[in-house]
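Engineer: Residues per chain are reported as follows:
There are 4 protein chains.
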Amino acid sequence: MTNTTGKTFTVTSFGSSHGKALGAVVDGCPANLELKIEDIQEELDKRRPGTSKITTSRAETDKIEILSGIFNDKTDGTPITGIIKNNQHKSKDYENLKNTPRPGHGDYTWKEKYGNYDYRGGGHGSGRVTIGHVIGGAIAKKLLSKFNIKIISHVTQIGNIKAKTVNINLIEEYANKNPVRCADLEAAKSMEELILEYKEKGDSIGGKVEIIAIGVPTGVGNPVFGKLDGEIAKSLMELGSVKGVEIGMGFDVINHRASEINDEFYIKKENRDKKNIGTRTNTSGGILGGISDGMAIVAKIAVKPTPSISQIQNTVDLEKWENTKIEITGRHDPCICPRITTVSESSLAIVIADNMIRSGFIHPSDLNKTIHR
Amino acid sequence: MTNTTGKTFTVTSFGSSHGKALGAVVDGCPANLELKIEDIQEELDKRRPGTSKITTSRAETDKIEILSGIFNDKTDGTPITGIIKNNQHKSKDYENLKNTPRPGHGDYTWKEKYGNYDYRGGGHGSGRVTIGHVIGGAIAKKLLSKFNIKIISHVTQIGNIKAKTVNINLIEEYANKNPVRCADLEAAKSMEELILEYKEKGDSIGGKVEIIAIGVPTGVGNPVFGKLDGEIAKSLMELGSVKGVEIGMGFDVINHRASEINDEFYIKKENRDKKNIGTRTNTSGGILGGISDGMAIVAKIAVKPTPSISQIQNTVDLEKWENTKIEITGRHDPCICPRITTVSESSLAIVIADNMIRSGFIHPSDLNKTIHR
Amino acid sequence: MTNTTGKTFTVTSFGSSHGKALGAVVDGCPANLELKIEDIQEELDKRRPGTSKITTSRAETDKIEILSGIFNDKTDGTPITGIIKNNQHKSKDYENLKNTPRPGHGDYTWKEKYGNYDYRGGGHGSGRVTIGHVIGGAIAKKLLSKFNIKIISHVTQIGNIKAKTVNINLIEEYANKNPVRCADLEAAKSMEELILEYKEKGDSIGGKVEIIAIGVPTGVGNPVFGKLDGEIAKSLMELGSVKGVEIGMGFDVINHRASEINDEFYIKKENRDKKNIGTRTNTSGGILGGISDGMAIVAKIAVKPTPSISQIQNTVDLEKWENTKIEITGRHDPCICPRITTVSESSLAIVIADNMIRSGFIHPSDLNKTIHR
Amino acid sequence: MTNTTGKTFTVTSFGSSHGKALGAVVDGCPANLELKIEDIQEELDKRRPGTSKITTSRAETDKIEILSGIFNDKTDGTPITGIIKNNQHKSKDYENLKNTPRPGHGDYTWKEKYGNYDYRGGGHGSGRVTIGHVIGGAIAKKLLSKFNIKIISHVTQIGNIKAKTVNINLIEEYANKNPVRCADLEAAKSMEELILEYKEKGDSIGGKVEIIAIGVPTGVGNPVFGKLDGEIAKSLMELGSVKGVEIGMGFDVINHRASEINDEFYIKKENRDKKNIGTRTNTSGGILGGISDGMAIVAKIAVKPTPSISQIQNTVDLEKWENTKIEITGRHDPCICPRITTVSESSLAIVIADNMIRSGFIHPSDLNKTIHR
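Residue numbers (the working numbering), protein chains in the order written: chain R, 370 to 742; chain P, 370 to 742; chain G, 370 to 742; chain U, 370 to 742.
So that you can see chain R by itself, here it is in the shape it has in the complex (with noise of 0.2 Å):
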């Protein structure tokens, strides 16, 4: 199971980025749920590269292929399979990178635990393989939006840049306003500007993106191990580039105290209505003793500087076994932040998916009509 996520919504991984395809396997969706190839195809094209002068210009279309799961525009409760077949390219291109691995990536360790393996573009390890997550993320928020959840994103800083807080409502329709994906559109043009000046000058610079995921009802997470923000964390640690994971106030946390910040309960409307409680703050970021809280879950990442840099690096030379220099060549993206806002909301739908079904809010029969318990 080392190329799959989640327990009872599960997605399992597959492929490489210079290989004849690559996809993902989505398993556990209920039956019933209605869900296009368009469905999947739109969130793909959030990912994909070159939609602006701000991500790498490589030409990757990304269309999908359904091999299994839907019949008649419905799932039909058994495996969803789709692939993306890549493109031919010139091997001969990754050669030199075959003993030399470059710093910040995973080649060295890959190589290492794998001897074998597809080493050119980084393969099963290469960004492209969040295709797989955003397949699975495409299938989730569907499945989400039919309880009334929705997940957004949105970067919150680039460099020493930093937005300001937008309402809750607005952030998604801000956020699209711009190639950064940044709702605060001041701030998004300066943003844009820093990673262009970083682009001219071959390296990349990193940034912040919060994830939410709105309507989910109190009561979805288990109580120990296992617990929704904990999920949560690595699911979005799992994501290449992060290096740090918040949970609502997140680090923050460290320069208040208890006083300050302990959300206190109060009941939100006049009727009582028992669905009704909330607290007044939500440093806890909707998720009390792993287990969620009916205020809004919000997450928040670090994301390092994308490390392919077109500057010449220290390596080691594997075969020859000794020091050696390399020089990366191709487009890169200068700041992954806007591209991996859509990966992001992906792996938290994916985990809030598979939670629901199995904390019994999602039931696999609720989109069907036929069977009676």
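Calculated from the structure, these hints are not laboratory results. You may find that some hints are simply not true.
Which copy is meant is left open, because identical chains are indistinguishable; a pair holds if it fits in one copy or across any two.
Simulated crosslink set (BS3-like; lysine-lysine; CA at most 25 Å straight-line) [unchecked claim]:
id, residue 1, residue 2
1, Lys689, Lys443
2, Lys454, Lys432
3, Lys389, Lys454
4, Lys389, Lys432
5, Lys638, Lys694
6, Lys467, Lys405
7, Lys443, Lys422
8, Lys443, Lys454
9, Lys376, Lys694
10, Lys443, Lys389
11, Lys511, Lys389
12, Lys454, Lys405
13, Lys405, Lys422
Fit chains P, G and U to the supplied structure of chain R, relying on the hints for placement.
Structural biologist: What follows is chains P, G and U alone, placed relative to chain R:
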């Protein structure tokens, strides 16, 4: 598997703070590991409260009883079960908490999720449940020590007081010298004073803890899902009070460009011994592409101020269905950082042991002279 | 997860026959299930030896102690841990078994696999370990009873004596009337005599047991891997002494052609109620394509003669490394069939409960009035 | 994980008989295993129908396409994905099956469970889905061959015709000589005639198949849950048409007393080599206490007559909600035994490979010269 962590080396946690007992079943530890009851008791003693004036003064003896899995002072390959019986507490002390959830705790979400649950002192969500983590961690540490792997931790920040960097080889010795478990002895004093200040106010304060695994070989972990950093993030975020996890440089990567922080490879020694490749810096925290690279594995956690404070707080009455106030009596930790060090070491040790086995570095029969493969 | 069965409703078994205690952790049982300690004790009493002259006369009191998971006579949603402490046996009785494996037992393979292991009385491989199965099974049965599902069993053959078919609704009542647990009361007498005959000879005899789940709705199970019949086969074959498992008609299908044994569908009642489809015959044993079809689920097992016999047998000395002989003293069951009935019911109950939850027929919050989805 | 088998060496099956493609993702195979596409195609060809007059005459070319996991004719440590595209069938042929479930098939339970599902030709429940098993099995076999383990099978009974016992070393050679795959060449002829007789009648017949693993070392398996015999029973019972599984002597143990069938141990060779302990008989089928004992692992399955027959059968109309009749047209196997041999070998191979890895006999890095532990 809701209350189980790990895939091959697994820890199943059970019990609540005021039930009959709590403990853990540890499965998947290779047979023939020398393991005495003292090895586990020693770790539990480190976690135990009441050992200094900056921890809660509650008296908990926490004497472990081993029910299975150890035979003639060695593991026998079957599940190791350790339990600690609870003293008989007066349950009536907790009647006032029955319907008024404490802010910042899991009382509310647990009550909603389970309907019936042992609310006394946090029940299965109590910090006392980390006894199970420590039982598992003590065994994991003993196992890892046979493979020359060491797990250490220290407090690096309390409130606004930050510790200076200490040589990795001195951390353990220095941290053991003071109740705060901070390796910068000067900072430790100020931290102790700050904690006592909050204690007097009936408030609490958080901090930062760094946990390190030394000696993990290259090749431990997984490539896409179940990356080593992802699993570490999960296990640390699952600890109560933790709101953020960093691997290596963490959130600070945002303030740097790739050319500054890409960890460049070099050959460690003149003799070109194959095992001697390293990175000059370790911003990656010992993990590249989800797989260990032979450097120290470094994680940091943000610990929030303990939510149990003696000040009056707003909450709701879930029976009368109205807003109300709560006053939490009893003795609580004004800062959980010193005690969380042992628990977080346990979490890291379990993840490393589990992954060492899964990655083929520890075999079930490694300690067994009988079997021949 | 070596010693855990199930995926959502799970049972983790620990302990050995001569260690301090043995028991099980049952995780995944929905909260709010009324569960008294007597519910479990009652099932354990059925399994307990010494209740008739055809079982071993060893005195085992087997009083269960619940350490966690039950609060105010209801499950609380957290792991339920039950243990039974072993009487202090004289371990020296077993010294002669230390290096001379008993034929037909797991002594040899366990010793080889684990090197160090508690060989006394079979250790973790002892039949006593099925106490853990019964703890899990008792809870599963109680849960299933809330959904009108009943698990029954009876002995259908001992040696060459076969029981006549008995109406499914009378099986339990009749089987409870005699120590052999055979529902054909006449055959039961002959079986009892046959068993006593073997007992006198210091030999043992096997038989056949049928286990039935009544009331399982249509739609429980999985399609390709993890089929309901596959999981039942696994859990029954895992019982010591079981060498064969049949579902429905079993091996007898070989003697028939499809046109004879295909279970034809029909509408059960005049009123055309949607739930009333059935099959005229039930050669399939209630499972089609890995999924329950609403008919009774029927499994049969072949139980070998208990390998512990008092006659002298050939074996090897694993220390001196030479051929030798062994004489097993002590009191043993001349036929394990009567006692395996309870254990096999437990195994089936656990599989059905686990699959009912996974297939969405039992939800974690079904018994909880608090949560609203 | 509904459609995945195995824990470490895993096979995830997807696709349906009339969808775009079907296949499998095989994860957990160590890197550096020499694996050519022909290794898999060869096994698929054995399973393929239309190769003799006793199998269905449907033309299925079944050419495999590898999408990932093989690099330079070796496994690369990442998931191996193999697919077979379906020919474009005329779906209208199946319209009559849409609401009238075929007796003995999973049509009814699947339709009930999933509501929407690809009913054409059995969909994901079609026998064609065992292509996924064979892809996984071919890789497992190749891996096991590196450790001198061989998986063989043969038909031992068709209807009332039983094959004579054949020397274990000759089984494969002889079984390959005839379309029935029976190692008793004389019986094979009678079996062939019997099958053709049923074919002419538009009926079908079942039989018995024996599957054997030769060369499995002592120590593979688990002690209580997940016993090796339990996992074998599961994987074989999961094959469509299988209604019974036996390990070793199976149901025949009922006819014997312990003193007759307890497998006595002896030292195999004069030289007292530690590895040379064996049992004089093998009624246990190579497994004692859930763990392999070094003898051949022997399993037998009861295969029911293929339920697809051309005779008119009673069924129900799930739309009109009335009793009706069904006539299944098309070409079907009058006996599935010959073709199930390859599939059952695959199932056994996958279980053995998965358990060899989990028990530490095959390490992820065994075939990798790079890593040093």
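Engineer: Does each hint hold? Answer for all of them.
Structural biologist: Hints versus structure:
1. Lys689 - Lys443: Intra 55 Å, inter 23 Å, cutoff 25 Å: inter-copy only.
2. Lys454 - Lys432: Answer is both: 8 Å inside a copy and 18 Å across each meet the 25 Å cutoff.
3. Lys389 - Lys454: Answer is both; intra-copy 6 Å and inter-copy 15 Å each pass.
4. Lys389 - Lys432: both (14 Å within a copy, 16 Å between copies)
5. Lys638 - Lys694: between (65 Å within a copy, 18 Å between copies)
6. Lys467 - Lys405: Between copies only: 22 Å across, 40 Å inside.
7. Lys443 - Lys422: neither (37 Å within a copy, 39 Å between copies)
8. Lys443 - Lys454: both (23 Å within a copy, 21 Å between copies)
9. Lys376 - Lys694: Close neither inside one copy (43 Å) nor across copies (40 Å); limit 25 Å.
10. Lys443 - Lys389: Between copies only: 15 Å across chains, 28 Å inside a chain, cut-off 25 Å.
11. Lys511 - Lys389: between (28 Å within a copy, 23 Å between copies)
12. Lys454 - Lys405: For Lys454 and Lys405, the Cα distance is within 25 Å both inside one copy (19 Å) and across copies (21 Å).
13. Lys405 - Lys422: Result: close neither inside a copy nor across copies, 30 Å intra and 42 Å inter.
The structure is inconsistent with the numbered hints 7, 9, 13, although it conforms to all the rest.
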